[in-house]
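*Asks:* Chain by chain, the residues:
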Amino acid sequence: MISVENLSVTYGDLRALDDVSLDIDAGEFVTIVGPSGCGKTTLLRTIGGLEEPTTGRVSVDGDPPDAAQSDARLGFVFQDHTLLPWKTALENVTFLRRMAGKDPDSAGARDLLATTGLDGFEESRPAELSGGMKQRVAIARAIHLGADVLLMDEPFGELDEITRDEMSVEILSLWRETRKTVVFVTHSVPEAVFLGDRCLVVSGSSSAAGAGRIVAEFDVDLSRPRDESVFGSEAFGRQVAQVRSALHSDA
Amino acid sequence: MSVVQRVPAPGVVLPLTGLAVAIGVWWMFTVVFAVPPFLLPSPAAVAARLAGNPDLYLTNALDTLWKIAVGGSVGVVAGFALALAVWAIPVLDRAVYPYLVAARVLPKIAVAPIFLIYFGVGFDTAILFVAVIVFFPVVVGTAAGLDRTPDAHLDLLRSVDADPVRTFLAVRLPHALPDVFAGVKQSVTLAVVGAVVAEWILSNDGLGSLILVASENVQVDVMLAALAVLIAMGLLLYGGVTLCYRAVVWQ
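Protein chains in written order, with my numbering: chain A, 1 to 251; chain B, 1001 to 1251.
Next up, chain A with everything else stripped away, as it sits in the complex (with noise of 0.2 Å):
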């Protein structure tokens, strides 16, 4: 479904990632996790075609991201929930399928919302909805959108710890029933855990000698459907000590 091939992203000197390459089925929930500044939002966002690369190719159902954007394959959900102040939450939803030249679809939407949790919402402005509210507004945006691919950077990023655990439960069920291929970007080791088929570790500091590399790769070993129980367990202990050796042994 996603392909990137020795990908590399520079800033003028600033060397962002250096030589990726990873393959992403159709369907797959990826994490990648690294700390700030590693170059993981860069992968993410050239994914998407919002960066070029330098050198290297991605691609997108074997399109260049370019072509998957005009279709509107893609689905961005950034920290930043993105919702435009002056829209209802359901003309929020509405509106990028619009912008990208869709008929929209009000009964979809309207689903949608009371999907995520958010009936009785539908007429309420940004500012009268709380931040997992509105990221889960812009995450109904994404699946309206009519995207195959959902491109998350950090999205519960600025979320408290509760509404995290919550919104990581609801993605995974939001998953299960519309079968996307999900790309999610995050700093938190638990979470990329908790929520990927398959977990990359993003390591590097931005600077020419240490530009974004995945330094390792692991297949999450937890039986699906997840829920909250899984946090407590041994074996997701396991996984998240395993990932965060590997994120501390290459610092």
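Heads up, a few of these hints could be off.
Simulated restraints on C-beta separations [to be verified]:
hint	chain 1	residue 1	chain 2	residue 2	range
1	A	T178	B	Y1099	28 to 38 Å
2	B	W1250	A	R98	15 to 25 Å
3	B	Y1099	A	R98	54 to 64 Å
4	B	Y1099	A	G37	58 to 68 Å
5	B	D1163	A	A127	20 to 30 Å
6	B	A1048	A	A127	31 to 41 Å
None of these hints come from the bench; they were simulated from the model.
All figures in this text were calculated on a predicted structure; none of them were measured in a lab.
For glycine and all other residues, C-beta sits at the position ideal for the given N, C-alpha and C.
Since the structure of chain A is provided, determine the placement of chain B on it from the hints.
*Replies:* Just chain B, lined up with the frame of chain A:
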């Protein structure tokens, strides 16, 4: 049966009390010190002037209002258009914008006598002068507003390859409107000043002209009556713009 007592909002009561006290002090001053009416007429005398010949003030007020409306509209449209051009064309931005900002220090009123030489006395010259005065705050406000769109919102639209016109209308313009209106609000007060100055120098009608002629005849009561009408007009215009702002711009 219950008696409902309607208490006016304190936001209105205090300013009105202040006004009443000021007029009362003015009145007492004229009575206690027996000021000759030709030097400082009492508020009652000014009100009598207004009531005695309402047509004179109304006709002149409409003349002035018309200059503000036409000149103001021309100035707002031209200012918005230039800001748009400056924003869209980087070369223009660097070559022209610094001078638009610097033009704040230019006392526009000093330009009126030059206009007199080039364009002569008349309605058109007055319009042009009001337009020039209104123009600058609108350009600067709009140009600032057009840069106000958060990058993340632009990324979002880029991720679905939204066309530039749609992006502009749906996201950039609404983000700019508060600044555009800030410029227009500033312009309204300036436009009243501009119209009065224009009527002193560039045309022979309207409240400005009435004040000037009354000054030559030492009719302080007429001058104060015209001034009162000007203040009322300025407040109405400012209120009108504020209402437009509330109707158009998200809060």
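*Asks:* Against the range 58 to 68 Å, how does the distance between the Cβ atoms of B:Y1099 and A:G37 compare: consistent or not?
*Replies:* violated, 40 Å
*Asks:* Please check whether B:A1048 and A:A127 have a Cβ separation lying inside 31 to 41 Å.
*Replies:* violated, 52 Å
*Asks:* Please check whether A:T178 and B:Y1099 have a Cβ separation lying inside 28 to 38 Å.
*Replies:* Once the Cβ atoms are compared, 54 Å apart, the range 28 to 38 Å for B:Y1099 and A:T178 is violated.
*Asks:* Looking only at beta-carbon atoms, does the pair B:Y1099, A:R98 fall within the given range of 54 to 64 Å?
*Replies:* For B:Y1099 and A:R98 the Cβ distance comes to about 40 Å; the hint is violated.
*Asks:* Does 20 to 30 Å hold as the CB distance between B:D1163 and A:A127, or does it fail?
*Replies:* Holds: the Cβ-Cβ distance is about 29 Å, inside 20 to 30 Å.
*Asks:* A range of 15 to 25 Å was offered for this pair. Does it hold for the Cβ distance of B:W1250 and A:R98?
*Replies:* holds, 18 Å
In summary, the structure is inconsistent with hints 1, 3, 4, 6 from the numbered list given earlier, while agreeing with the others.
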